[in-house]
Structures are given as structure tokens and as C-alpha cells.
Amino acid sequence: MFRSENPVQKLVPEFNFTKAKSEITPTGIKLHTLHAEDAEISRLQIEFNAGYAHQKKSLVANLCAKMLNKGTTDYTAKEINEQFDRAGAFWEAECMADKLLLTLHCLPKNLSSVLPLVANIIKSSTFPQLEFEQLLSISKQKFLVNCQKVSFVARQVFIERLYNNAHPYNNTLKIEDFECIDSQDLLEFYKHHIQTSPFELYASANLGQTAREAINAFVHEFDFMENQTKESTLKIHPPDNHHREMEIKELSGFQQNAIRIGLPVIGKEHADYAALYYTNVLFGGFFGSRLMRNIREDKGFTYGIHSGIANHDYSSYFFISTEVGNAYVKETLTEIETELRRLQEREIDEDEIRLVRNYTLGSIMRGFDGAFNAMDRYRSLKKLNHDYSYYDNLIAEIRTIDSDKIRSVAKKYLNWEQMIKIVVGSKA
Amino acid sequence: MIHFNEHTLSNGLKVIHHADNHSPIAVMNLLYNVGSKDEEPSKTGFAHLFEHLMFGGSKNIPSYDAPLQEVGGENNAFTSSDITNYYVTLPKSAIETAFWLESDRMNELAFTPKSLEVQKKVVVEEFKQNYLNQPYGDVYLLLKPLAYKNHPYQWPTIGKKIEHISEAQLSDVKDFFYKHYRPNNAILSIVGDFEFKKIIDLSEKWFGDIPQGEIKERTLPIEPPQTEKRILSVERKVPQDAIYIAFHMCSRTHKDYHTTDLISDILSTGESSRFYEELVLGRQMFSELNAYITGEIEPALFIVGGKLIPEVKMDDAEQAIWELLNQMCQVLVHENELEKVKNKVLTIDAYGKSSALNKAMGLAYASLLGDTNFINSEKEHYLKVCRQDILKVAKALFAETNSSTLYYNKVDHV
Numbered sequence: 001m002f003r004s005e006n007p008v009q010k011l012v013p014e015f016n017f018t019k020a021k022s023e024i025t026p027t028g029i030k031l032h033t034l035h036a037e038d039a040e041i042s043r044l045q046i047e048f049n050a051g052y053a054h055q056k057k058s059l060v061a062n063l064c065a066k067m068l069n070k071g072t073t074d075y076t077a078k079e080i081n082e083q084f085d086r087a088g089a090f091w092e093a094e095c096m097a098d099k100l101l102l103t104l105h106c107l108p109k110n111l112s113s114v115l116p117l118v119a120n121i122i123k124s125s126t127f128p129q130l131e132f133e134q135l136l137s138i139s140k141q142k143f144l145v146n147c148q149k150v151s152f153v154a155r156q157v158f159i160e161r162l163y164n165n166a167h168p169y170n171n172t173l174k175i176e177d178f179e180c181i182d183s184q185d186l187l188e189f190y191k192h193h194i195q196t197s198p199f200e201l202y203a204s205a206n207l208g209q210t211a212r213e214a215i216n217a218f219v220h221e222f223d224f225m226e227n228q229t230k231e232s233t234l235k236i237h238p239p240d241n242h243h244r245e246m247e248i249k250e251l252s253g254f255q256q257n258a259i260r261i262g263l264p265v266i267g268k269e270h271a272d273y274a275a276l277y278y279t280n281v282l283f284g285g286f287f288g289s290r291l292m293r294n295i296r297e298d299k300g301f302t303y304g305i306h307s308g309i310a311n312h313d314y315s316s317y318f319f320i321s322t323e324v325g326n327a328y329v330k331e332t333l334t335e336i337e338t339e340l341r342r343l344q345e346r347e348i349d350e351d352e353i354r355l356v357r358n359y360t361l362g363s364i365m366r367g368f369d370g371a372f373n374a375m376d377r378y379r380s381l382k383k384l385n386h387d388y389s390y391y392d393n394l395i396a397e398i399r400t401i402d403s404d405k406i407r408s409v410a411k412k413y414l415n416w417e418q419m420i421k422i423v424v425g426s427k428a
Numbered sequence: 001m002i003h004f005n006e007h008t009l010s011n012g013l014k015v016i017h018h019a020d021n022h023s024p025i026a027v028m029n030l031l032y033n034v035g036s037k038d039e040e041p042s043k044t045g046f047a048h049l050f051e052h053l054m055f056g057g058s059k060n061i062p063s064y065d066a067p068l069q070e071v072g073g074e075n076n077a078f079t080s081s082d083i084t085n086y087y088v089t090l091p092k093s094a095i096e097t098a099f100w101l102e103s104d105r106m107n108e109l110a111f112t113p114k115s116l117e118v119q120k121k122v123v124v125e126e127f128k129q130n131y132l133n134q135p136y137g138d139v140y141l142l143l144k145p146l147a148y149k150n151h152p153y154q155w156p157t158i159g160k161k162i163e164h165i166s167e168a169q170l171s172d173v174k175d176f177f178y179k180h181y182r183p184n185n186a187i188l189s190i191v192g193d194f195e196f197k198k199i200i201d202l203s204e205k206w207f208g209d210i211p212q213g214e215i216k217e218r219t220l221p222i223e224p225p226q227t228e229k230r231i232l233s234v235e236r237k238v239p240q241d242a243i244y245i246a247f248h249m250c251s252r253t254h255k256d257y258h259t260t261d262l263i264s265d266i267l268s269t270g271e272s273s274r275f276y277e278e279l280v281l282g283r284q285m286f287s288e289l290n291a292y293i294t295g296e297i298e299p300a301l302f303i304v305g306g307k308l309i310p311e312v313k314m315d316d317a318e319q320a321i322w323e324l325l326n327q328m329c330q331v332l333v334h335e336n337e338l339e340k341v342k343n344k345v346l347t348i349d350a351y352g353k354s355s356a357l358n359k360a361m362g363l364a365y366a367s368l369l370g371d372t373n374f375i376n377s378e379k380e381h382y383l384k385v386c387r388q389d390i391l392k393v394a395k396a397l398f399a400e401t402n403s404s405t406l407y408y409n410k411v412d413h414v
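Line by line, the protein sequences give chains A and B.
FYI, in our numbering the residues of the first sequence are 1 to 428.
FYI, in our numbering the residues of the second sequence are 1 to 414.
Keep in mind the hints are simulated off the structure, nothing from the lab.
Accuracy of the hints is not assured; some may be wrong.
Stated by the list, open to error - Covered stretches of chain B, as calculated for chain A (at least 3 residues, CB under 8 Å): (1) 80-93; (2) 132-140; (3) 238-244; (4) 249-263.
Beta carbons: idealized from backbone N, C-alpha and C, even for Gly.
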């Protein structure tokens with residue numbers, strides 16, 4: 001036994017994971033299912049085209065999502081809470097850029113008592129004034145707390161620069177936004193984007209007979225055959241890309257600065273996306289990335305630094321994010337730029353390419369571990385018509401990528417001069 | 001129901017196996033029975049710093065991460081007051097790499113000065129990022145030493161202060177390793193599509209020859225019973241006043257543990273909970289108000305913490321909390337209310353068994369508590385709790401003389 005040699009010499013990735021199935025119910029609802037035999041719990045997700053990109057005023061989509069379960073024509077907020085809690089159900093309303101996602105976790109035997117309530121919420125939410133004022137006040141307090149975090153402020157400024165003022169993907173907030181919104185705004189948004197709008201259903205984990213029967217009954221509460229034309233007609237343009245100077249926002253009393261750097265990039269539908277995806281992993285997308293090895297593991301400037309690609313339906317962007325001690329800001333910025341230029345200009349070692357390739361293939365596998373993860377992956381392919389071949393292409397590209405390709409996408413899409421560069425915190 | 005097998009190697013390493021035939025991913029979880037409670041008061045934060053150093057290479061393998069990433073794997077770790085827990089997820093065909101890496105660092109760490117220097121800086125930045133550079137980030141740094149005067153739970157895992165981390169020496173690192181990181185102080189759990197025999201063979205092959213250590217029986221300082229109400233008031237540049245009240249509660253294996261946990265659920269889990277309904281929505285005194293247990297192995301804390309709506313006075317907020325706590329001590333909870341929180345526990349229990357990683361961690365932790373099957377039987381303990389239990393435990397818990405209160409006052413400038 002040689003303790004210095006890895007006993008496993010070859011990665012054998014297995015991509016024969018369970019695939020989700022899609023069907024259209026007799027009432028016109030797209031139902032996606034992924035059954036896991038061994039699961040004890042069921043998850044039902046309801047997805048609307050009601051993300052914040054659809055709102056005409058700040059905060060509306062987000063507050064609308066949170067207010068949905070705060071009263072209907074048949075039940076008070078208290079009664080709704082009581083029914084969910086009594087069934088041991090967990091309800092979550094997540095307002096993303098393009099979508100509103102309602103998620104219910106529940107034991108299969110309790111679905112039949114909870115789903116009629118969910119249908120009631122979707123069809124007849126009332127947005128009562130008292131609950132609205134409370135939610136608004138609580139949200140405002142949370143916003144004020146967030147404004148005391150350098151990472152939050154840096155993200156806000158970054159998004160403002162990335163998506164200028166009126167862009168649908170600019171979801172940044174100002175304190176005034178809390179003053180000029182009322183429950184009527186929410187009701188309007190609800191009527192247009194939720195109440196009578198087609199949704200898609202994602203059911204996962206335990207979908208045994210009990211769960212299926214409850215879901216079938218739920219599906220029959222809706223009939224979308226007549227209003228199928230109400231699909232999203234939103235047209236969003238990607239943001240313009242300019243040359244950018246460093247922007248420094250000084251706030252007193254902090255021990256660390258938050259750094260956020262990035263720019264708009266291509267989306268999943270683009271032929272170069274797989275190569276860019278891989279390049280991001282190598283550069284800053286995992287614990288062994290160049291940014292982490294240099295700035296954390298060699299210099300100790302930060303607890304963590306990472307880069308990523310954020311995907312909205314009509315726009316994607318690349319970002320680098322970290323928080324570093326006040327004394328390390330200048331050096332960190334220099335190192336990030338140096339790493340980027342090194343990526344673009346220098347030959348990449350075959351060993352590094354292989355390591356990142358294997359890690360990335362493994363992480364794609366992990367992404368399909370368990371029914372919840374596997375369904376999340378499937379849901380994220382919606383814009384690509386739920387076509388699993390996205391993963392076939394991604395995997396094929398990762399298997400064959402070489403130094404020239406990595407450098408060429410880094411040059412083409414990750415231009416330092418064009419990046420927005422935001423620093424927020426106190427001087428050393 | 002999670003079926004599992006157990007085996008203990010001759011050097012004392014406990015091995016737990018659970019066959020999960022549904023996933024292409026396998027998990028190895030290695031729990032060391034050492035946490036920040038095992039630190040000396042003058043060298044706090046060390047167990048956690050040490051966790052970082054475990055990634056700095058071992059005797060025969062210069063880098064822990066790279067060979068794992070090479071076979072598609074990923075790892076992480078966490079340190080708590082009680083344990084240090086390492087876990088690896090990787091393609092099942094590569095499981096032996098996890099055995100190789102974990103056994104080599106259990107066998108002997110590299111102890112390089114460079115790794116120590118860098119990780120001290122990294123942990124100092126972690127300290128700043130999570131405790132000093134966040135609004136309300138220092139609450140536990142203040143609250144824990146108020147509640148514990150003697151017991152090592154008085155300091156958080158990150159340590160009492162930054163200086164303790166930056167002063168750590170290489171000799172401390174070596175001592176700590178040989179004192180705690182021995183096979184007879186660890187529990188290894190493997191979840192994946194494997195036969196039990198294969199796991200035993202691999203465990204023998206890689207861990208079998210690691211010598212066991214002299215693990216001394218733990219003698220922790222005992223926290224004397226609290227006899228007076230404790231108060232601490234601080235001023236911070238935050239947007240809202242906040243209040244935190246900590247009560248001493250029982251240990252993880254005490255018969256009252258599940259009752260205490262359910263009390264926290266009745267008070268604050270879900271939007272129909274008492275705190276939410278009465279003080280957040282009803283009287284609109286708090287923007288958030290939570291009750292939760294820290295749930296450590298040794299006698300732990302039951303904490304009530306909330307942020308006040310502006311204009312609400314600290315005294316009134318405190319009084320309102322106490323009214324609800326006293327109610328728990330005086331009036332039996334409604335049968336429906338108890339059933340509701342039990343149902344939530346059942347959902348959470350089922351959710352916790354939906355991923356291989358959670359199962360692997362849960363098995364190792366249950367084993368540490370003394371009975372691996374606890375992972376299956378624990379929900380019965382919750383279901384057995386009755387209304388009278390709630391009343392009885394609440395009475396003992398919510399006494400003023402058992403409370404430590406932190407007033408966290410906002411000021412515009414500090």
C-alpha cells in the first residue's frame with residue numbers, strides 16, 4: 001500500500017441519473033414530475049411568470065409574493081397559517097428575477113388537506129391592508145439592517161451599474177421605495193401575473209399514490225385551456241457594456257471592504273457558454289480555483305473569494321465577490337487583475353485543466369443527487385425547453401476543452417477594462 | 001427508516017455503513033469528538049483553527065483538496081462547541097480516494113509553518129466577516145459569557161477574541177492533534193451504493209494500522225446553578241434595538257430535551273406560533289422574534305431574541321416577552337397546538353433523510369450521542385411529549401434567576 005499514491009486513478013462519471021418527466025394535464029397545466037422511491041416527503045413547486053422583472057415599481061413583486069398567504073376571500077392570514085402549520089407543511093414564496101416560485105414541503109398524507117388551501121391562495125388572495133402595513137414595516141427594517149453590511153451595499157451598487165435605472169433586472173432598493181407603495185399595487189400585480197395566469201407545476205420526491213391523487217385534485221381546480229395566450233411577452237435587452245473605472249464607496253466603522261467586480265456575459269443558449277462555464281470554475285468557481293488559491297490560501301487576505309455566472313432569462317452576468325481586511329484592498333484588486341490577465345495570456349497547464357475538468361464533472365453529478373436537486377436542475381432548463389441535451393453538450397465540452405479555448409473565452413468575455421469594479425468599506 | 005451496520009476497528013475507530021442505492025454520489029463523514037469546549041480559556045478558537053489546518057496537507061499527501069477534486073469530489077468541514085466534522089462527497093467509484101485522504105491525515109498531519117501562518121490570517125478574516133463586520137454579529141460573543149461563568153460554552157467556536165487566533169503556535173497544533181485526532185476519538189460513516197463488507201475491508205485497509213491514542217476522559221468545568229438575573233447593556237451602531245434572553249436548559253441526552261425543543265417551536269416556529277401571532281403581528285412590537293435552543297451535548301441554552309420596531313421601548317418589549325413565557329408556565333398548551341408542532345417535527349425529520357449527506361452526518365452524530373438508532377427513534381421522543389411535560393419544563397426554564405438578558409441598544413455613532 002503506497003500512502004503517497006491516490007488509489008483511484010481514473011474518474012468514472014455516471015450521468016445516468018433519474019430524469020424528470022413532463023406532461024400536460026387535461027386542463028392545460030404543464031406538470032413536471034420526478035419520483036424518488038425512497039423519499040418520505042413530497043415537494044410541490046408552482047412557478048409563475050411573476051418575477052421582479054415584470055413589476056412596474058420597486059418592491060411590488062417581492063411583497064406580492066410574501067403577501068399571497070396573508071388572507072383570501074375565504075380565510076384570514078391566521079386561519080391560513082394555522083392550516084399550514086397543523087399539517088406540518090412548509091410554505092415558501094421566492095421572488096426571483098423572472099419567476100415567482102411557490103414551494104410546499106409536506107408529508108404525502110397531508111397534501112390532500114393543504115393543496116385546496118394553496119389553490120385558494122392562488123385564486124383569491126386579498127392583500128389586506130393591516131397585514132400589508134406590517135409586512136412593509138418589517139421589510140423596511142430588514143433593508144436597513146442589510147444596509148449595514150458592506151457586502152449588501154456593494155451588491156446594490158454593482159447591480160445599479162450593471163442594469164441602469166429603469167432596467168427590469170435592476171432590483172436594488174432605496175429607502176423611498178418603502179414610502180410610495182400601497183396594497184393596491186400588489187393587488188394589480190397579482191391580478192395580472194398570478195391570479196389568472198398559467199403556471200407550471202414541479203412535483204418531486206415522494207409521488208406515490210397518495211401524493212399523486214392530491215396533486216391531480218389540485219390540478220383540476222384550474223383550467224388554463226382558455227388563457228394559454230397569456231405566456232410571458234416580456235422583452236428584455238441585455239445591458240450595454242462600457243469601459244469602467246474603479247468605484248470606491250467609503251463607509252466608516254467597518255473592518256472589511258466588500259469587493260464586487262463583473263460584467264454582462266453570454267447565456268446558456270450560446271455556443272461558447274459551456275467553455276465560459278468551465279473557465280469560471282477554474283478562475284474562481286470552487287475551493288481550488290486560482291482566486292482562492294492565491295488570495296485566500298496563499299495570502300490569507302480573505303475568508304473567501306469566488307466568481308460565478310448569474311443567469312436570468314434574458315441576461316447573464318459574470319461576477320467576482322469577496323470581503324477582505326481593510327489593509328488588503330489594494331493588493332487584492334491587483335491580484336485579481338493579475339490572475340485575470342494570466343488566465344488570458346499564459347498557457348494553462350494540462351494537470352490543472354484535468355483537475356478542474358474532473359472536479360466540474362463531479363459537481364455536475366452532485367447537482368443531480370436526490371430528487372430535489374435533480375428537479376432544480378430540470379427547472380433551470382425551462383428557457384431551453386427542458387432539454388437535457390444542455391447537459392450532454394456541457395459535459396462534452398468540458399471533456400475536450402483545452403488551454404487555447406479557455407484563454408480565448410477569457411479574452412473574449414472577461415475583459416478587465418469593461419468590468420464594473422465596486423469597493424465598499426472603510427479605509428485602512 | 002434508515003438501515004445501518006456498525007463495526008469497530010481494533011484501534012477503536014467506529015465505522016457506520018448505510019446502503020443508499022439511489023444515488024451515484026457517495027458520502028464519507030468523519031466526526032472527531034472534539035470541539036471548542038475542549039479548549040483552554042487562554043487559547044480559545046483553537047479547535048476551529050485546527051479544522052482549517054487539516055486541509056494543509058498530511059504526511060504522505062502534500063495537498064488534501066487537489067487529489068479529491070481530481071476524482072470529482074468535494075469536501076468541507078465545520079466545528080461546533082462539541083465536535084469537529086469533516087465530510088466528502090464524491091462519485092461512488094472513487095470512494096477509496098476518500099479513505100486514502102482521511103486516513104492519511106488522521107495518521108499524521110504535515111504541520112507546516114506556512115499553513116499555520118496563512119490559516120491564522122484566514123480565520124482572523126472569518127472572525128471579522130461573520131462577527132465584527134455584521135450588524136448584531138457580536139451577540140454571541142456577548143451573550144455566552146453572560147450565561148456561562150465557568151463552563152467552556154462561554155466562548156463561541158470562533159474564539160473569545162482575535163488575539164487568541166493570531167497567537168497560536170505550531171507546538172499547540174501538534175499537541176492538539178495527538179491529543180484529539182485519534183481513531184478511538186472518531187466516528188466514520190459511509191453512505192452510498194456499497195456492500196457492508198467492502199466498507200469494512202476499506203476501513204481496515206486504510207485506517208486499521210493507525211495507532212490509537214490516549215484519550216483522556218473529559219472533565220469539563222461545571223457551570224454552577226445560576227441564582228440571579230443577569231443583565232448586560234451595550235450600544236452599537238445598528239438600525240434597531242434588539243433584546244436577547246438566554247436560559248439554561250438541559251443536555252442533549254436529557255429526558256426533557258425534546259420537550260424543551262417543542263417549547264421553542266410553540267413560541268416561534270411558523271406564522272401561527274405565539275411570538276409571531278401575538279408580538280410580531282398582533283401588538284407589532286418586533287420585526288422579528290425567535291425562540292430557539294442551542295442544543296449542544298452539555299447543558300445548553302434556550303434563547304429568545306428579537307429586533308424591536310422603532311419607537312417600542314426596551315422595557316415594554318421585555319415585559320411582553322415575559323408575559324408569553326409566563327403563560328407557558330401557567331396554562332396548559334392547547335392539544336392542537338402541541339399536535340401542530342409535532343407535525344412540523346415529522347416533516348423536518350423526513351426532509352433530513354432526503355439527502356445522503358444529511359444521513360451520513362445524522363448517523364455519526366447519533367452514534368456520538370450513544371445510540372446510532374437514535375436517527376430513527378428520535379421522533380418517537382417528540383411524539384411522546386404531553387401538555388403536562390410542556391408546563392413542567394417551562395416552569396423550570398423560564399425563571400428570572402435562570403435568565404441572562406442582553407440589551408442591544410442602537411446609537412447613531414459609536
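Quick rundown of the hints versus the structure:
1. Closer than 8 Å: that is the beta-carbon criterion, and the segment 80-93 of chain B has 5 residues meeting it against chain A, so the requirement of 3 holds.
2. Only residues whose beta carbon comes within less than 8 Å of a beta carbon in chain A count, and the segment 132-140 of chain B has 5; three or more means the coverage holds.
3. Coverage of the segment 238-244 of chain B by chain A holds. Counting CB-CB distances below 8 Å, 3 residues qualify, and the rule asks for three or more.
4. Here the segment 249-263 of chain B counts 0 residues with a CB under 8 Å from a CB of chain A, which misses the bar of 3, and the coverage is violated.
The structure is inconsistent with hint 4 alone, although it conforms to all the rest.
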